[in-house]
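Enquirer: Protein chains in written order, with numbering that gives the first Met the number 0: chain X, 0 to 353; chain S, 0 to 288.
These aren't lab readings, by the way, just hints derived from the structure by calculation. Idealized CB from N, CA, C, for every residue including glycine. Check before you lean on any hint, since a few could be wrong.
To be verified - Some, not all, of what chain X presents toward chain S, calculated at C-beta under 8 Å:
{"#": "1", "residue": "Ala49"}
{"#": "2", "residue": "Leu69"}
{"#": "3", "residue": "Pro71"}
{"#": "4", "residue": "Ser72"}
{"#": "5", "residue": "Met78"}
{"#": "6", "residue": "Phe80"}
{"#": "7", "residue": "Tyr86"}
{"#": "8", "residue": "Ser90"}
{"#": "9", "residue": "Pro98"}
{"#": "10", "residue": "Arg102"}
{"#": "11", "residue": "Gly336"}
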Amino acid sequence: MARIDLKDLTIRFGGFTAVDNVNLTVNDGEFAVYLGPSGCGKTTTLRAIAGLEQATSGDILFDGKRVNDLKPSERNIAMVFQFVSLYPNLSIAENIIFPLKARGMAKAEIARKLDWVTGVFKLGDELKRRPAALPPGARQKVALARAVIRDPAVLLLDEPLSAIDEQFREEMRWELGHLQRELGVTTIYVTHDQREAMSLADRIVLMNHSKIVQVAEPDRIFFQPSSVFAGQFIGSPSMNLIDLVPVAGGLRLGDSPVVLSQSELPPGITARGAVKLGIRPRDLRLVSGEGHALAVEDTFSVGRERFFTFTVSDQILQGTDHRTQPGAGSVTLVPEGMMFFDAETGLRITEAAA
Amino acid sequence: MSASNTGSARITRWVLFGLLVLYTIYNLGPILWLVISSLKSRADLFAMPPKLVFTPDFSGYQSVFGIGAAKDSAASIGVFRSLITSVLVSTIGTSVAVMLGTLAGYVCSRFDFRGKGDFMFFVLSTRMLPPVAVLVFYHMMFAQLGLADTRIGLILIAVFINVGLATWIMKGFFDGVPREVEQIAIVNGYSRMYAFRKLVLPMVKGGIAATAGFCFIFSWNEYAFASILTTTKAQTLPVKISTASGATGIEWTQICAAGVVLIVPVLIFFWLIRKHLLMGMTFGVLGRK
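Chain S with its partners taken away, still in its complex shape (with noise of 0.2 Å):
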């Protein structure tokens, strides 16, 4: 290789370099600013020019959280609960869905019936469905049922939008499990269910984390359905913090704190399940070695 030639890939690494630094603050950056703007008081968070060093004051989580001075405060209840109501809703709605996904999955893998297609379609349309066009109707739906402003709703909702998902990447980490896995059980006397929950499922451990994951962070993020199905008490993170407003005006310390709190689990969860989820998102076709 020619100096001018090392010369120049030296510059192209340079540039990709400086692209890629301007990309991580371009996407860091407001997320940075969010933390920062989280532990300001309300005086330094509209000091101009913007602060870079100042005390750190923990009053907006402590309100999210409903602990210290602001525990008792009624902004502090509501965003208190609201967290609580994610939380719930979230794992409720993801256990719920991952496990009717990994039976359904499981069938849709190994049997033939009648409309398999159909029902393979139309159970992923249901995540193809603008939530929007069907909000309305929903909503008198609830109202109907009494599940208006109610965590159960939330709950069924949750399970609703990740179902579908669920059963699809589900059946495609079953289709990676060798169908002779159950055969050489059945010949030897274990019933399918036996051979399903002992042997199949945890050839599908990382499956069916990795579908959790999704499911868990669909639901936490989910916006459409909670901000018109809720009022006041069911409300979730997401939906309170787009209202959050008190008796001064707008909380943005208390409003930034929710923000960062909203963020953690994702990353959490992505950090647990990050070995599956390319597998994941390939439907589970690369699971067969």
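If we strip away everything but chain X, and leave its shape as in the complex, we get (with noise of 0.2 Å):
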């Protein structure tokens, strides 16, 4: 178990910086999960912490005692890729107890753990096979095994679970995090799929162009982004924004009739510069009756749940239909649900600050 700092870290490859400055605490026992969009830093992230990139500068702790120039090897860390990396020419429990060969463990000490650890991912009817004979999901499951056997003091996952089928998928998902738990192992996962992030996380570490975004609780980070790009890359469907146009008595919403009266805006708003709107699509209802005066254009469903569609200065939103019956209505905006961003900056623009 460890806790872990990185402090400045930079990982630059020629003139591509690949990481930028990036200072974060994961504490002991912790699950941080590293999402962002492809080519963000988060693997680069990992791989450092693992050893297996060198850091431009900066440093990297483990439990306050600099690691950088510790070999891979040497920072107790045990690792599971994307895409799996058994050894075929070795049996699923020759695979398992790979990471104690070599430290010299003992026979029975060995055999113990493989014990324990087949028991914990049900791996008993496997362990005389070849990875070549177990499904992909199952041949992930070893790697985990592998990973988890030397009890490492940091359990780094890239994408573990991203080439595995979407049925198989849920339920690893599931088992992992429960495993984490159990284990109490610090652990730091990277993904591109929010979902996952947001199931599995205790923090979510958000990174994009090499940049920490934001680092929060998968709620907060949901329910409070702190930036446009946060709450559009968090929940599905995506955050929709809106371009605030200043007017007489308020903001209007683009080029729709509706306008934003002070009282329904956070105080100072209006004196600020260019102002976007962010509401999530389960804060735009539909009502019968009276409302913005925002038509609907065209409404879908996705099993139980409808959705329908409007325009704003062209752009096309999207919003939950929550009505128990389906049925003509207009938009209206839930209060608490509206969330506003410096157009320049992308930044939230919290009450405090305004």
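Taking the hints as your guide, dock the two standalone chains into a single complex.
Expert: In structure tokens:
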């Protein structure tokens, strides 16, 4: 178990800055998920923690001890990669105990550990088989077993579930979360799938363009995104974004006739420069009768959920119809769901700051 | 499907079948004739019309392998010696080329180094080079170094013509092995060398076999270099066959027997590596599932 600190971590490859001045603390036993689009630097950060990439500047600390110059094998970490990296010429059992043999552990101890880990992962029947005989999902299970068998201080997972069939992925995700809590091992998990991040993480570390955008608990990052990027990257369907136009008495939603009056806006916001409104589909309601004069253009449903779309400033926006009965109606905005962003910086305007 | 359709389909099939038969005869005919001729006595060989039924005469093979009645004839000693030369040059040359190619291919697959692209192109260009263009210079160089007409010299040539191809093919196979294979090992305290030898190499066994097969066949068939760089002592079998003539004129039976002997190892090698051939021909790019 270990606490991990990244201090001003920067990693450059030639002229390209893959990780730009990242500061972060991952607490002992925490499940931290690095989330972001591909190429945002999340995997590079993970590999630097493992020691597979060198920090250009800045420090990596394990329990307060600088590990920059330690070899990967001296950091007591375990890794699982996206593409299963089992050794085809070794049996499942030999694959799992591979890390233990490196340290010359006694046979009886190895057998005991293997017993424990096969119990945890329910791999008892597969031990003698070769990796090729197992479906991909089960192979990734073996890779996980191989990672945890050595009691690593840190478990580093690089998109471990993204190459697995959807059906099996759900199951593995659940098991993984359960296992991490049971073992209490500090875990850093890299993914581009926000649903995976939301369901697994104690804290999400959202990255974009080599920088950390926001670090927060899943609920907080969903309800209190710090920027347009955070708001739109997390949540499905994605957050709607509308330009606000200053008019007498308030701000107008783009080219629509709807004006948010001073009383509906956070104090002081009209005095700022360009502002955008962010609102999630779930915070747009379709109500029968009066409301804001936004005309619904189309409706569709996915299973039980019904959605509607409408247009503001040539942008198609989406809302969730919460009513029990479908039918005509007009769009209203739930005041609590309205989030305001600085159009230039993309940062959220909180009431305190405004 | 209508009756006329089935009918025309059947005709098409028969026509195709007939063409294939003709093509097979065209290809195998000369080889069959070679095998038959290698078993004929001198008299049967020149009989007109050609004899299809005859008493097999193994004197050609006996002289190639230096056994039996022809054992001590000068011609026999020469052919047998060239067979040994061919075997030595091809096997040693292949082994060295595959070993070097495997190591170089691994480095090119896993590491970035200055001028890697140029290096890879240079390595491949050695195979594009028409041998005739540089033969004169090799001849002079070999003469200076005392390598002319030696087996060592030919082994060096066999390595030279094969190491580039071996590097390319092996790089392809290594590219098909995920880097994570070594990274997991390194994270767990194994050395890269251990990971390479114990984990990566077993995963490219098939690739090594295919590469060895190609290299063996190329050096076994190599003629241009061997014909110029050798005179008597270190002639390979292909060169010997082309220059063979005995006291009594051209020893056709012996030449045919030597030709058969020349073909057999190629067949055996292709049969052994047939599973890996396609992968080798695509430079391993199909390696990753």
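Enquirer: Against this structure, judge whether each hint is valid.
Expert: Tested hints:
1. Because the beta carbon of Ala49 (chain X) sits about 6 Å from the nearest beta carbon in chain S, less than 8 Å, this interface hint is met.
2. Checking Leu69 (chain X) against chain S: minimum C-beta separation of about 12 Å lies over 8 Å; hint violated.
3. The interface hint given for Pro71 (chain X) is met, as the beta carbon of that residue sits about 5 Å from the closest beta carbon of chain S, less than 8 Å.
4. With 8 Å as the threshold, the beta carbon of Ser72 (chain X) comes within range of chain S, its nearest partner Cβ sitting at about 4 Å, so the hint holds.
5. For Met78 (chain X), the interface hint holds, since its Cβ comes within 8 Å of a Cβ in chain S; the closest pair sits about 5 Å apart.
6. Hint on Phe80 (chain X) holds. Least Cβ distance to chain S is approximately 4 Å, under the 8 Å limit.
7. For Tyr86 (chain X), the interface hint holds, since its Cβ comes within 8 Å of a Cβ in chain S; the closest pair sits about 5 Å apart.
8. Hint status for Ser90 (chain X) relative to chain S: violated, with the closest Cβ pair at about 13 Å, above 8 Å.
9. Annotation: Pro98 (chain X) was flagged as interfacial toward chain S, and the flag holds, the nearest CB pair being 4 Å apart, inside 8 Å.
10. A cut of 8 Å between beta carbons decides the hint on Arg102 (chain X): the least distance to chain S is about 6 Å, and the hint holds.
11. Taking 8 Å as the C-beta contact cut-off toward chain S, the hint placing Gly336 (chain X) at the interface is violated, the least distance being around 43 Å.
Violated hints, listed in ascending order, are 2, 8, 11; each of the other numbered hints is respected by the structure.
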